[in-house]
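Novice: Throw the hints in and build the complete structure from the sequences for me.
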Amino acid sequence: MAWEIVIGLETHTQLSTQTKIFSGSSTRYGAQPNTQANEVDMALPGVLPVMNKGAVERAIRFGLAIGATVAPYSVFARKNYFYPDLPKNYQISQMDHPVVIGGSLSFFVGDEEKTINLTRAHLEEDAGKSMHDDFVGPHGESSTGIDLNRCGTPLLEIVTEPEMRSAAEAVAYAKTLHSLVMWLGICDGNMQEGSFRIDANVSVRPVGQKEFGTRCEIKNVNSFRFLERAIQYEVRRQIELIEDGGRVVQETRLYDSERDETRSMRSKEDAHDYRYFPDPDLPPLVIAQGWIDEVRASMPELPASLRARFVSDYGLAPVDAAQLTSSRALATYFEETVRALPAGQAKLAANWVMGEVSATLNREEKDIADCPVTAASLAALLGKILDNTISNKIARDVFAAMWLGENGGQPEAIIQAKGLTQINDAGAIEAMIDKVMADNATIVEEFRAGKVKGFNSLVGQIMKAARGKANPQQVNDLLKAKLES
Amino acid sequence: MSQALYTFPSLASLRQALQTRQLSATELAQESLAEIDRTRALNAFVHVDAELTLAQARQADALLATGNAPALTGIPIAHKDVFVTQGWRSTAGSNILKNYVSPFDATVVTRLLEAGAVSLGKLNCDEFAMGSGNEHSAFGPARNPWDHQAVPGGSSGASAAAVAARLVMASTGTDTGGSVRQPAALCGVSGIKPTYGAVSRYGMIAYGSSLDQAGPIAPSAADLLELLDPMSGFDPRDSTSAEFCNGVANAPGRIRADFERAQQQYSGGTAGQPLKGLRIGVPREYFGAGLSNDVATAVESALVQFEKLGATRVDISLPRTRLSIPAYYVIAPAEASSNLSRYDGVRYGHRADQYSDLEDMSGRSRAEGFGAEVQRRILIGTYVLSHGYYDAYYLQAQRLRRMIADDFRAVLSAQCDVIMGPVTPTVAKQLGVNNDDPTADWLADIYTLSLNLAGLPGMSIPCGFGAGASGAPLPIGLQIIGNYFDEGRLLAVAHQYQQVSDWHQRIAGQK
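From first to last, the protein sequence lines stand for chains P and U. At position 346 of the first sequence (counting the first as 1) the number is 346 in my numbering, and the numbers step up by one without a gap. At position 223 of the second sequence (counting the first as 1) the number is 1223 in my numbering, and the numbers step up by one without a gap.
Note that these hints are calculated values from the structure, not bench results. Nothing here was measured: the structure is a model prediction, and the numbers come from that model. Don't be surprised by glycine CBs; every beta carbon is placed ideally from N, CA and C. A couple of the hints might just be wrong.
To be verified - Derived list of chain U stretches under chain P, where covered just means 3 residues or more per stretch with a C-beta under 8 angstroms from a C-beta of chain P:
hint	region
1	1040-1054
2	1203-1210
3	1234-1244
4	1328-1341
5	1491-1502
Specialist: Structure representation (structure tokens):
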């Protein structure tokens, strides 16, 4: 039987406010346990929550960025459940009236553009952390430690419709969302520190069936790679289960990256009754249109609009434009490079930024913001290709030297110092061609007899003789002319 | 020279003595401490710390010596143990917080301290303010100074008892369903519950967050003004506190200005009829079955007195008064069940000695730490919020709540300026009555609950005596209800009555 995969994602994004969502303590990551939890975070008797305006502002930003409705009226509700790292034993969240409703996100899966609708995004507070494994109590006994530093960190939970149909789509959506929240400056995107946490709702159904299958929620996926593998494992598990005559039970499953499998955490039967009700300590969140307009005016150009502009202004392929707008810094780098080049050379810049620059950054595990080769230097290097000073291939060697900061990272100086200037003198090139043709009489003869395959070998030997500096176009043209004469 | 508090007829006269240095704040505090010690049988205080009190008193004396001391400097007060305090323990009358000391003061505590008041300590109350007789306290019941076998009312029972016995000149209380007005009535003192949002709830241990409001208890309306005005005001730490009250900034001075404006109006009226033009709404539902004769008679006499002062009486109807009981006993427990879930033995408060795992630890700690009435309300609250019951109970109760508020708005906008009636159906019951029928006490809250549901201000002033079960005369209160943020006028109206009556000057044990 053919199966269709159905995936919906819920993403907890930690908002980049300095202080917590309902208290004045710091949200900084990595401090000594419990040094960033005040009386409100610890839920001491008598404390009350006060809404952090910055968290709401970030939610508005997100809503505007995905074309959603920013609710003029939303309500905080209490989600009641007992857990030691949740000091009030209820979480302040939003249930019936979230702050962001609807919206959509578009992205590429391979060459295919895909748009996913969002259900909602709501504000809530993060819980603290329980340390069960490596915590030793005051008397040396194994114990559970509680760190409330994270408690009260603002979260925007972003929920999609169940519209994704493969693990690849889910990963592409997640990556796009990840870059968007960083683009907007509302989240630092650090997945290792838990700033961007994804839960996946996965189900399968026979192709053609309208009703959804029973879904499982997979938690604890803290990288895109794990997201892909967790979904793949879960899909396989569900299909095998059904094909073996079993039934999928609705449950929450934990992804174990070491064993690459999902494990049951709790089933629907022992799911909590959260007893949601409006939090009487917080009045409804009323967002005036004026505030929304203010936020809109302060928004950066969004990736979707930039992407469209790259296609229309620079003639880039949509998929390339999407890649170049995967982060604000990358897009800026690209555009600065293009602007420093003569008109009509955007494609060359795009190839270099997506090629050599991105590859080197990946290899060195660096971010574009830390790229040692500035957009201006890259443009200077590309200028040397355009004026035939060097070939594209030599330019890569020059780029490597620029990366290392040789000769002040200046392409001109590196080309001079290394004597890499291209040989464009036809006479000099012809002399080299003649010598190589004389040394390879057999290949020449075979070529003339119709075995054109030997051509590349001859070019290779000529370039080798020129130590790579001969103008490759000229080498091609002149060699061809001589062989065919 | 030492002088007992009861010899001062009002807070103003005590202030006069302090400001003119006829007596020192330290002497006064020592006298109060001694009196508290002598009246231990009342079980009014759950924590007294002479050192802390005397330190505040010495500071008050230093301020008084400068001749530039704030209005309440040196005035002995005490706080209901629902307000958290640095130094004094903060228990909410519960074993689960038996030894809890707060690292910060409630906003109300801070404001009264800044106004110069000297705190004598913490006052007994029903556990987490749940009760109407001060019998549900982990520290044992507080007693009514008029009859030690009678309850002082609740939940701010000891707040009223301590003022009635003049252990302090005034006290703080909290009112979620009548917990300031009802004990004030049963102990023969004055008490006011301001409009929801007038006073900060920060540092008030929460019971029913949408209903809880702090209010003072003192001998007279004029005395209440001296506490309520500095207590009130917007607090950025409480999102439900009002920034503006009918367009006026919510800050100390607002209520006093309203009071003085009303006073001025009344003094300019016809001689002997200062309240001419005031329309008093009398809800017929407040005088039905269940109201005892002595309360009905005392309230009726007070209404006649108001008519003599020039006011007119308007017959009004608040048809949903009876429904306030089920609405309140759904909403308050629902909020309480969530508010009280933080007491789990994990971070502070009582933790069971023996347990098998985390869940067992919380379960046992809560079972040991909470008393029966608190457990009852947590269970009810959990039930009404549960999946499948929420719509039938909680949502329905919220609908009723809106209708009850609408009824008040309608009469206050069209028919009358204030509403008057009884506070309680009877005088104080004897200790232990209804112990086997826990919800019987709930029905006696019928005249006070609807005010909290509507968020309106209301007060209780003494208006007579009735016969208690033991034969001792017990006080009766008159309830005066006003429109939103109309505290100043309420106090002024009550003050006019207290100019021509002396019920508020009767002191338990001194009559």
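Novice: Next, verify each hint and record whether it holds.
Specialist: Consistency of the hints with the structure:
1. 1040-1054: Check failed, 0 qualifying residues.
2. 1203-1210: holds (count 7)
3. 1234-1244: holds (count 5)
4. 1328-1341: holds (count 5)
5. 1491-1502: Three-residue rule not met by the region 1491-1502 of chain U, so violated; n is 0.
Checked against the numbered hints listed earlier, the structure breaks hints 1 and 5; every other hint is satisfied.
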